[in-house]
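Please model the complete structure; the sequences and the hints are all you need to start from.
As they're listed, the protein sequences go chains A and S. Position one of the first sequence corresponds to residue 49 (the numbering used here), numbered consecutively onward. Position one of the second sequence corresponds to residue 49 (the numbering used here), numbered consecutively onward.
These are calculated hints, taken from the structure and not from any lab test. Hints are not guaranteed to be accurate.
Just so you know, same-sequence chains aren't split out, so a pair can sit in one copy or run between any two.
[To be verified] Listed below are the simulated SDA-like cross-link pairs for lysine to any residue, each with C-alpha atoms no more than 20 Å apart in a straight line: (1) K152 - L103; (2) K152 - P213; (3) K152 - T206; (4) K107 - G160; (5) K95 - I121; (6) K215 - N150; (7) K122 - Y91; (8) K86 - P226; (9) K205 - A183; (10) K95 - Y224; (11) K122 - P226; (12) K215 - N151; (13) K194 - F158; (14) K95 - R223.
Values in this document were obtained by computation on a predicted structure and should not be read as measured data.
Number of protein chains: 2
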Amino acid sequence: MKRIALLVAVAMVAGIAAFTTRASGHTDEAASPIYGVKIPPGYRDWKMIAAAQLLVPGKADQLRAQLGNDIAIKAYREGTIPFPDGSMIAAIHWTRVPSEDNNKVLAGPFPGAQSFVIGSTVNVQFMVKDSKKYAATGGWGFADFKDGKPGDEALHKTCFPCHVPAKDRDYVFTRYAP
Amino acid sequence: MKRIALLVAVAMVAGIAAFTTRASGHTDEAASPIYGVKIPPGYRDWKMIAAAQLLVPGKADQLRAQLGNDIAIKAYREGTIPFPDGSMIAAIHWTRVPSEDNNKVLAGPFPGAQSFVIGSTVNVQFMVKDSKKYAATGGWGFADFKDGKPGDEALHKTCFPCHVPAKDRDYVFTRYAP
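Here's what the structure looks like:
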């Protein structure tokens with residue numbers, strides 16, 4: 049009986065540990081297919097490049113933000129193209145939801161005001177610069193994670209072709225916000 | 049003639065210097081009325097709290113982001129309420145503009161996709177926590193800057209009353225994004 053209780057206790061602690069690992073999103077060891085890019089530790093604390101919105105009627109209604117590690121931010125500020133090796137960019141995509149709380153407050157000074165805020169995370173994408181390792185794809189490795197798990201190979205085959213139109217800006221769409 | 053040329057040259061350099069100071073937004077010494085809050089140096093490099101959107105038909109069409117200094121970010125993560133003294137929060141408000149470039153790229157995989165990105169800065173707001181200095185306004189000092197210049201006293205009189213509905217969250221509307 050004591051042994052069973054111990055096993056249950058161990059299983060519970062392991063379950064909590066697994067949950068903690070998943071929730072933090074920083075210790076997941078899974079890597080993207082093709083590129084082998086893992087979730088960079090601490091990316092949520094990178095500096096902000098910009099914010100954006102994507103609306104695909106019936107399919108996606110998102111607020112988005114792009115963050116960069118120090119190498120990427122320095123390159124952005126100094127207009128360095130191509131981005132140097134070691135540059136990393138994260139794009140966080142969230143659902144966009146109306147804020148009833150904000151709308152109530154805003155209705156006084158701004159009749160008809162519609163405030164939208166972040167709902168939950170849809171996915172997180174990364175671009176990692178390594179001009180030798182990723183020479184075939186403009187020097188960038190790509191990754192797309194949902195709930196800490198990378199998308200499949202078919203998805204990751206679409207990353208680079210989609211970014212080719214931004215070739216003049218080293219395949220990076222987002223511009224640095226003032 | 050030489051003297052005129054010299055004067056023109058000096059005026060041009062001075063003009064460039066003035067523009068640089070304004071564009072960086074970091075060296076302006078002006079302070080907000082009532083609260084005396086200046087633009088905190090380096091705020092653009094603070095960590096991101098969240099992103100948002102505000103639409104007031106015919107009046108405002110904005111993408112927004114909130115950034116926090118290390119004290120504020122730590123408090124957000126740990127759920128510390130009230131925010132400790134020294135906490136500073138910046139809210140950057142930009143115009144929201146459609147990205148024709150992005151829409152062309154997205155039209156293939158996502159027909160009807162509408163991408164919106166940042167246009168230009170509308171204003172930047174700050175909340176600075178000092179529970180003694182700002183005891184009359186929930187411990188927060190407020191500031192609203194346009195092009196590096198603080199708004200007038202009438203504008204700043206509206207800051208605290210507008211934030212009162214968020215009293216349960218120490219007068220801060222924005223929630224930390226995952």
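- Indicate which option fits the pair K86, P226 if close means a Cα-Cα distance not exceeding 20 Å: within, between, both or neither. between (30 Å within a copy, 18 Å between copies)
- Query: How would you classify K122 and Y91 at a CA-CA limit of 20 Å: within, between, both, or neither?
  - Reply: both (16 Å within a copy, 16 Å between copies)
- Message: Within a copy, between copies, both or neither: which one fits K95 and Y224 at a CA-CA cutoff of 20 Å?
- Response: Classified as both; 11 Å inside a copy, 15 Å across copies.
- Query: When no copy is specified for K95 and R223, does a C-alpha distance of 20 Å or less occur within a copy, between copies, both, or neither?
  - Reply: The answer is both: 14 Å in one copy and 18 Å across copies each meet 20 Å.
- Within a copy, between copies, both or neither: where do K152 and P213 come within 20 Å Cα-Cα? Answer is between; shortest inter-copy Cα gap is 9 Å, intra-copy 42 Å.
- Give the relationship of K152 and L103 under a CA distance limit of 20 Å: within one copy only, between copies only, both, or neither. The answer is between: 14 Å across copies meets 20 Å, while 24 Å in one copy does not.
- Message: With identical chains, the pair K205 and A183 could be close in the same copy or across copies; at 20 Å between alpha carbons, which is it: within, between, both, or neither?
- Response: within (15 Å within a copy, 57 Å between copies)
- Query: When no copy is specified for K194 and F158, does a C-alpha distance of 20 Å or less occur within a copy, between copies, both, or neither?
  - Reply: between (37 Å within a copy, 19 Å between copies)
- Item | Copy assignment of K152 with T206, given that the CA separation must stay at most 20 Å | This pair counts as between: shortest inter-copy Cα distance 16 Å, intra-copy 42 Å.
- Task: Please work out whether the CA atoms of K215 and N151 approach to 20 Å or closer within one copy, between two copies, in both situations, or in neither?
- Result: between (41 Å within a copy, 16 Å between copies)
- Message: Please sort K95 with I121 into within, between, both or neither, judging by C-alpha distance up to 20 Å.
- Response: both (7 Å within a copy, 13 Å between copies)
- Query: Is the C-alpha distance from K107 to G160 at most 20 Å within one copy, between copies, in both cases, or in neither?
  - Reply: The answer is between: 10 Å across copies meets 20 Å, while 26 Å in one copy does not.
This entry satisfies every hint, going by the numbered hints stated previously.
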